[in-house]
Structures are given as structure tokens and as C-alpha cells.
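Got chain U sorted already, so can you dock chain L onto it with the hints?
Quick note, the sequences are listed as chains U and L, same order.
Going by the working numbering, the letters in the first sequence line up with residues 774 to 1141, in that order.
Going by the working numbering, the letters in the second sequence line up with residues 658 to 893, in that order.
Don't take each hint at face value.
Stated by the list, open to error - Some chain U residues well away from chain L (every beta-carbon gap over 10 Å; in silico): (1) 824; (2) 956; (3) 1137.
Claimed, not checked - FRET-style restraints, in silico, Cβ to Cβ: (4) U/982 x L/689: 24 to 34 Å; (5) U/1130 x L/692: 39 to 49 Å; (6) L/686 x U/843: 39 to 49 Å; (7) L/692 x U/941: 35 to 45 Å.
Hints in this document: simulated from the structure, not taken from any laboratory.
By construction, the Cβ of each residue, glycine as well, lies at the ideal position given by its N, Cα and C atoms.
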Amino acid sequence: RSGKNAENVEYQTFKNYFKRIYLRLAMALVHAIHDGSGYLIAIGRELYKLPSSGAMEKVASCGEVPPGVSDCEGEAFISGIATCKEGIVTCSNNKLLESWTWQGTRTANAVAVKRPTALRISPSDGRVVVSDKAGDAYSFSLPSLDDRRYLLGHVSVIMDCILTRDGRYIVTADRDEKVRVSHYPNCYNVHSYLLGHTEFVHRVVQTGNTTLATIGGDERLMLWDLQSSTVTATIQLDQLFSTLTALPSTHFLLLSSPTTLSLLSAKDLSHLHTVPVEGTVVSVASREDGEIVVLTKESILRYSVSPDGLTCTPVEVCEGVVWGDVRVSSQPERKKPAGNKGFEAYYERKRKRIEDETAKAEAKVCVS
Amino acid sequence: MMAVAVKHPKKRHYRQRAHSNPLSDHSFEYPVSPDTMDWSVIYPNFKPEDRVRFCDVGCGYGGLVVTLSTLYPDKFMVGFEIRVKVSDYVNDRFKALRLENPVYGNAGVIRTNAMKYLPNFFRKGQLEKLFILYPDPHFKRCKHKWRIVSEGLLAEYAYVLAEGGLVYTVSDVKEVHDWMVKHFTEFPLFERYTPGPEDKAAQALIGTTEEGKKVIRNNGESWTAIFRRVTDPQQQ
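Same shape as in the complex, but just chain U (with noise of 0.2 Å):
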């Protein structure tokens, strides 16, 4: 084989064997802040603050590297985004994690062990804690960024990471399935599974105060009642959601895709609305009354959520931000491969191997 032909038979086997799937890796973030007071926006590699009334300004610029610190490689974005009431913690996509009072100044930074998936601040001690590519978790202390603690690790990459609001568990997804609950700071001590998804897990959030709500690579929504680690609920969707947000006082979910938002009820999962967004939506975070804010390609977007459905307000955006920034890069998020041709030879060699020798034995038996 030559020429043209083979190659589209070998790209169509390997399309074919991976199917691919893209979740898209913002280089653009929402945030809401912990306190109720507004948000924050990352823009490349700027920060700003929206607060609830008032206009957006600029916090910070991250992702620069000190002098001296090594160890960090890649496109400096802001990948993800914690608040508390000391400061503000960024991680960068170059694996720089960097801490901020309110009024934008660097306290700290430290260079996170591989790429970070997640980012959140415990409630109950305090510390940053930071989800990894390489599947583990590990937990620094505020504001100092110092005294990096290993907490857990899975076999693959972890996707999606919380801490519980009362501080006790911490939950981690992986790609691999499954939801791991472990104590925390005791990780080492799994309290349980939650086993179900039969595809990548990338969106986990909590809902009420003993139940989670999680979505994965497939298309389905389940529920989970943490006390007795089962499923409470499940609803198969029609497409991939890239973002989960939980709106817990208002007992609503949020699903987004790349061009709408979706609300369902979190009691029994029933669908309530469906909106088009315009433009191409990046992330949405919310506040627990019922507000969210989402980040498009090129707007900011702030909704009010109720029964009725949503009602959408444009943010007007304050100077110097630049949009071009806001590329979604693919992010290919391999779903298991369809089969694995390799051992399917293997017993056919054997079942032959097998009708060879009943047949060597039956002759000889004729022959005596």
C-alpha cells in the first residue's frame, strides 16, 4: 500500500479507535468570591474584580515567574481561581501558584509539583489545596504557600476536586470513573466510592449539605447522597456539558455548553429552562442566591435565576481588557478505546492451535 490511500485508512482507524472528544480549556475564568461580594474574572493572564455594584476593575497581572524559580513551562493563563478572607490564591498554567491581598499584592507563590486541574481552599484549616494532571492532590499553607503537604493520589488525572462545605471530606474525580471521597486533612483514609459514571467524571459539586452532584464524559447527571454513598438520582443528557454549577439556596443546577444554559431542579433533576447563550460561553460561577455570572468569548454576562427562568444583563467591561486573549484551546479528553484488537489474534491462534491437536489426536486413535 502506497500513496493517498493508505493514509486515510490509517487515519480512519485511529479516528475510529480513540474517539475523541474536546473539552475545551478556557484561558478565560469566572470566580465567584466566598463572601457573597461579587467576583473574579481572569482574562489571560489579568485579574479583575466585578463586585455586586459597581464597576470591574483590575486586581493583578499573574503568571510571571520570579527570578530564580524554575520548573515552570508553559503558556502563563490563569487556570484557576480561590478566594478566602484573607487573600486571593491564582494558579497559572505554567504551575505557578501565586497568593494576593485584596488590594493586588503578591504575598507569595510556590511552583505547583504538575499541572493543577483544581483549586480550593479548605474551610477547616485553611490551606490551598491543588489537583494535579499526575492524578494527585497536595495542600499548601496561606498565605505563605510553604510546607506542601501530599494529601492523595489517583492512578489518572484528577479532573475535578472540593472540599466539603464543613471541611471533612475532600472529593476527587478522576478520569478514570471514579469519585473518590477521602477524610480530610486524613486522606490517606478513603471514606468511600461513588461508582456509577462509565466515562470520565470532570465535574463534581456539592448541592446540599450530604449530597453531591456530578457529570462526566457519559452525558449523564447523577445525584449521590454522601452518608450512604449511593445514587439518588440519575438523568442521561443529550450532549457533553463542559461546566456544573450548583445554585444550593435556590435548590437549582446549572449545566452550560459551549452555546447554551440549561436549568434543572436539584430535588428530582427535572429540566425547568433551556436559554442560547450568544457568543461562545467560557465559564460561569455563582452566588448562592441565585445569581450567575458568565464569561463568554467576548462578554461578561450576569444573569438572575429564578423559576421563570433567566434574565440576562451585559457587564460592561472596564478598560484594557483584551479579548484576543480568550482562545479556548482543545483539550483532547480521551473516552475508552473501543476495543483492543491485539488479543483478539491471540485466541484465534489458540482456538486453532487447539483444533490442531484434537485433530492429530483423533487420527492417531484411528490409526491404533
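Then chain L, alone, in the frame of chain U:
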């Protein structure tokens, strides 16, 4: 009527390279959760309320599981093996053994990746004994994450083991033995344990596996270490 001699599988038909990447997706079949696992395809006499209690992680050609099967006839036990041909050999071996003597109906093998799927097969605290015999050393630094004993995986072993349950480890490589001892003893949920003479599994550890017999043939040394799963010191 002449009795037909049972044909046992010959190892030369099942040779396979010793190393297999445990981090890649090999398209295994495994249950979504322990509740959905049908163990009766492996054990003909398995009832729904029965539980598998022993697991040999990386059982190779099945030497230990075959021996334990007769030592503990009332317990169900399983070997996990990642390599296709090797697990197929053990399957055929058990089929032949069971034809000769049905007592072997309490042991079997599953082709799977123990590093990833232990919690899919076993409920919390289900296992009484876990065996890690002659694990692949994976000497190179870049291969350390393929090692079957690591800080991250110990939490999974502690999860599937009942409190008081035992982990039996054996290696003919001193470095690997030291690595396992260090990791297990530093882990809060395990402590080093010396079983008494009544522990039949401990007596069976060295001479029963193919690896073990090879070590004896080559006048090598094997080191064993046993650990017990204890209560979390930090749990209220």
C-alpha cells in the same frame, strides 16, 4: 470406559513479556461497582451473599492461588493478572484442576488492572488477605509510578481491607522489599505484623509460586513482610 486424562495447559503456549503498562487503558472488562459484579461466572457455586475474601495482586501463573485454594476451602479467592496470555493460562489451569477435583471451585482469576480497579470489584473492608508477591521492581525513576506499592495506592489497599486484615509481601530484590516496608510502615493505616504458626498463608508464601521456585532454584534469597490494617489514629 476409559477415563480421559485431563489436559493441563502448558506454559510454553502462554509466554508473554513480563512488563505491561498499568497506566494505559487496555480495554478491560470490569464492573461499574461491586454490586453489579457477577462472581458466579468465575465460581460455579457462588451465592449472592458470598464474598471474595482473598486477592492475589499480580498472580502471574497462579501458583499461590492454587495452593491457597486447598488450604482455605471455605474461602473464595481471586487472582488479578494484567497480562492476557498469563491470565488465560491460569483460567485454563483452573478449568483443568476443577475437572480433576471440584474443591478448586473456590479460586479463580480475573484479567484486570489492580492499580485502577480494586474498588470496582471489592466493597469497603471486604478483603481479609491481600497478596503482593514478587512485584515488578520497575527500577528506573521514570517507572516508579508503575510500582504496585506507592503512597497513593496504599490508601486503596487500606480501603478494600477489613480492619485487622493482612497484606503479605514477598520480593527477591532487597531494594523492593525495603521500599515496601518503608511505605507500609510509614502509612498510618498499616503496621508491621508477625503472624503465628497457625497462619497457613504465611507458611505458603515462598515455595509455591513460579517466581518463588525460580528464586530457590537460583539459590537466591526472598524477603517477606506482613502488615496489618489498623484503625485510623486520627479518626474520632
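A quick look at each hint next to the structure:
| no. | hint | verdict |
| --- | --- | --- |
| 1 | 824 | 41 Å, holds |
| 2 | 956 | 7 Å, violated |
| 3 | 1137 | 14 Å, holds |
| 4 | U/982 x L/689: 24 to 34 Å | 27 Å, holds |
| 5 | U/1130 x L/692: 39 to 49 Å | 41 Å, holds |
| 6 | L/686 x U/843: 39 to 49 Å | 44 Å, holds |
| 7 | L/692 x U/941: 35 to 45 Å | 26 Å, violated |
The structure is inconsistent with the numbered hints 2 and 7, although it conforms to all the rest.
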